[in-house]
Amino acid sequence: MSKEKKGVRLEHISKIYKDPKTGKDFYAVKDANIEIEPGSFVTLLGPSGCGKTTTLRMIAGFESPDEGEIYLGNEPINALTPNKRDTAMVFQSYALLPHYNIFDNVAYGLKLRKMDKETIRKKVTDILGLVGLEGMENRMTNQLSGGQQQRVALARALVIEPGVLLFDEPLSNLDAKLRVSMRTEIRRIQQEAGITAIYVTHDQSEAMAISDKVIIMKGGLVEQISTPQEAYYYPNNKFVADFIGEANFLKAIVKSQDIVEINGEEVKCSTGSLGNGAECSIVLRPEGATLGDNGSIMGEVEYSCFMGAYQDYHIKIGDELVKIQEYNPKNKKIYGVGDKVYLNFEENTLYAL
Amino acid sequence: MAKSQSASLDRKKLMADPIMVSTIILLVVFLTVFILYPLAILLVDSFVSESGLTLDTFKRVMGLSNFRRAITNTLKVGFLVGIASALIGLLFAYVEVYVKLRTKFMEGLFKVVSMLPVVSPPFVLSLSMIMLFGKAGIITRFILHIYDNSVYGFWGIAIVQTLTFFPVCYMMLKGLLKNIDPSLEEAARDMGASRFKVFMTVTFPLILPGLGNAFLVTFIESIADFANPMIIGGSYDTLATTIYLQITGAYDKQGAAAMAVVLLAITLVMFIIQKYYLEAKSTATLSGKASRERMLITDKSVTIPLTILCSALAIFVIIMYICVPFGAMFKTWGYDFHLTFKWFGQVFTKYKGLKAFKDSFILSFISAPITALLSMIISYLVVKRKFKAKGFIEAVSMLAMAVPGTVLGIGYIRGFSGGIFGTGILQGLYGTGAILVIVFIVRSLPTGTRSGISALRQIDKSIEESAYDMGADSFKVFMTVTLPLIKDSFLSGFVTSFVRSITAISAIILLVTPSYLLITVQINEFAEKGSYGIACAFASILILITYSAVLVMNLVIKHFGTSRQVKTTD
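Chains as they are written, first to last, in our numbering: chain A, 1 to 353; chain B, 1 to 570.
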């Protein structure tokens, strides 16, 4: 649908703000280098205050970067105002124009582009069909539910066929169930429209569900750019490991290539570029180990709780506490508090940092 | 760390928007020339003589005993009026928010009281005060049989100003009281405090900054007031009237300028305390939204005395207003109570009333839309945009609120009678209708801007951003999004500015030339001469005009306003 898919490139982008309390300058975003492929769905992910929204607003043109240059396709766009940029944004608060009905909201951008009435009518009708709002043209915005309003916002952004679609936490005002169905919807529409999308969220499961790539940020710095799988299995650092999914960190020493010692026991684990004798942290996902009466590493159950899909354990190994989730507990032996258990690691689940 | 790149990029983005840039430049020029420059020229006038910088002019005016007396008079009146208005305002606000009003009649009374300051010309109460309590006053002479009562002077001014200004305090305090979370007071009640104790230990401390705010706002209004002291002050001169006499009677322009600087200094200090200290504090303590509806007081031992007190005051004020049209319908007030229309007739036959109404109406009607649009533009720029001159635009348009009309009038005389800095530039403006329109605009701009700013703050920033993002430039965003969303504020700004202009007198009386007849100036003149019949006839017609303007506005807002749109589609 888009005339031309556009990529986005951020080169050494920084944004400096003044802290209103101390009056000191600080980097809201520091030296971000990001390359976004045309047609891909990329998520800026991180806790609040990490600079993800600032980055998005710099791409949209609402904020100006203090260092670096932003390219849309091959065109540098730093000095362009938002209305001259080939981007369209879907806002957290929907930002529909309350004095217009649905049709006029969606047609707003087209009218500014001076299209004739017939074309506008056709485009608006088509796009409302795509987002599942056919026949709602004459409703006012406050007659719609939150989910419907966000569809209108999406339709309004799509209809002007922007090179890049920007999403600023578009689902955070919706309830949990609707969030899940809307994110699948957004992904479907993006694929159908074949448009480049940049999506800001603090919800890692949302990011994993819809993205081709995630850009994980913290304190203004880009921590990792990769596919969701890579971020989960091969995190760059403890922050990423902890932010994407749940993680245990076990102290270990590298014995030899792909062998580490945890609590006196040798275990297979990919060690990457770490040298022999190096101290490291092993990332263990809660579902990455099973419990048994014998195995490699021994521990004591400190907490055991039935959660339905899994049995939740806290296991004390030496002086460290490890969280383990055993799925399908019905078919497994349940351990109680104080029991001695052994951890067995599944193939390829440990990763040394 | 250097923020230079974003600053230069922001500048480039701004420059890409010529309409926005020219609007900002025009605004800065307008505010500088018509607000800052006239005040600056007063400073120059009073500090600079042929021999250079000097305090001689100040020494000279401070040596005038009538000026020294005027300062103490003004402060005394301002202080009393401020306190009285704040307290009466609090009483009304408290009764409306906390006490169960049983009858529609009471609700009506409260509504009328809150609307009076909007529609009434400033000096109407002085007229009726004289007619009710003066030598020939109905109450003093015919009911109480006092034949030599004088309403002129300190008490006259103080009472009239209090009755004029307390509704403003009432509206301010009502807003604050409504924001108090009822559970705070319920918690205190629950712990065993009596109602009075709750008021003294919870409610009162919470609104104390707001009460201080109301006091200062009234204080500023009182010392800036020209019309009431003029009519009812008698020999009790205040700063505003003394300055007026200094220039119209003694032709001492330099002295008047120095006096104006003194008056300005007082109002400015008060304004700065009010604006930057109390206003922030009064809203900060009450930022919480009320969690649910308040249980109204139904206890008769509380409701009966409070409602009686409020109704008595309200009815008294209303009687004073009603007195004005009656004053125009008797042959000779106080002596001959035969009904007559001769005063109304004379307004049009003998005293060129038609021209006066036409002039006032046309000038106000020209200035109203300009003021309304200008204040919406300023609010939009201040609330929604970032640019360098923003602080200047906001500060100067608010500063105009602290400038008494008399001071502005003197500033315009000194600043424009010989052109800017005596160069002859813009001299053509002096003595024309245009300068009157500009004065009207400057005088109403702060109120309009304030209402525009608070209306715009309610609107999520991203709504305009989304339009901007869709491809609209600033002008388009303003016309298709901002303005439609604050239509109500624009309309009320339009009418408020119209009403303020048509009832304005303090600055105008110094600048008007014989080619323009203005109603307020006429009323002042006839009241001065003691021709109350004519003055009342003029005033009655004026009230009729302002009242209809407000009615029309309410109708328009009801039928085309944004609030209705939202309601019907809910």
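Any given hint might turn out to be false.
Listed next, the in silico DSSO-like pairs over lysine-lysine satisfying Cα-Cα at most 30 Å (straight line) [what the hints assert, rightly or not]: (1) B:Lys358 with B:Lys281; (2) B:Lys355 with B:Lys342; (3) B:Lys59 with A:Lys21; (4) A:Lys114 with B:Lys12; (5) A:Lys21 with B:Lys384; (6) A:Lys5 with A:Lys24; (7) B:Lys390 with B:Lys281; (8) B:Lys476 with A:Lys21; (9) A:Lys251 with A:Lys333; (10) B:Lys476 with B:Lys12; (11) B:Lys355 with A:Lys84; (12) A:Lys251 with A:Lys218; (13) B:Lys3 with A:Lys21; (14) A:Lys5 with B:Lys476; (15) B:Lys281 with A:Lys114; (16) A:Lys84 with B:Lys342; (17) B:Lys358 with B:Lys558; (18) A:Lys218 with B:Lys384; (19) B:Lys384 with B:Lys558; (20) B:Lys135 with A:Lys111; (21) B:Lys529 with A:Lys218; (22) B:Lys135 with B:Lys529; (23) B:Lys12 with A:Lys84; (24) B:Lys275 with A:Lys18; (25) B:Lys476 with A:Lys123; (26) A:Lys114 with B:Lys355; (27) A:Lys18 with B:Lys3; (28) B:Lys355 with A:Lys111; (29) A:Lys24 with B:Lys135; (30) A:Lys24 with B:Lys281; (31) A:Lys84 with B:Lys358; (32) A:Lys177 with B:Lys461.
Looking from chain B toward chain A, a few residues come up when the C-beta cut is under 10 Å (computed) [stated by the list, open to error]: (33) Glu107; (34) Ile463; (35) Val481.
Computed footprint of chain A on chain B, listed as stretches where at least three residues anywhere in the stretch have a Cβ under 8 Å from a Cβ of chain A [unchecked claim]: (36) 9–22; (37) 464–475.
No lab work stands behind these hints: they were computed from the structure.
As the structure is a computational prediction, the values presented were derived from the model and not from experiment.
Every residue, glycine too, gets a C-beta built ideally from N, C-alpha and C.
| field | Enumerated hints in conflict with the structure, sorted upward | value | Structure breaks hints 1, 3, 6, 8, 11, 15, 16, 20, 21, 26, 28, 29, 31, 33.
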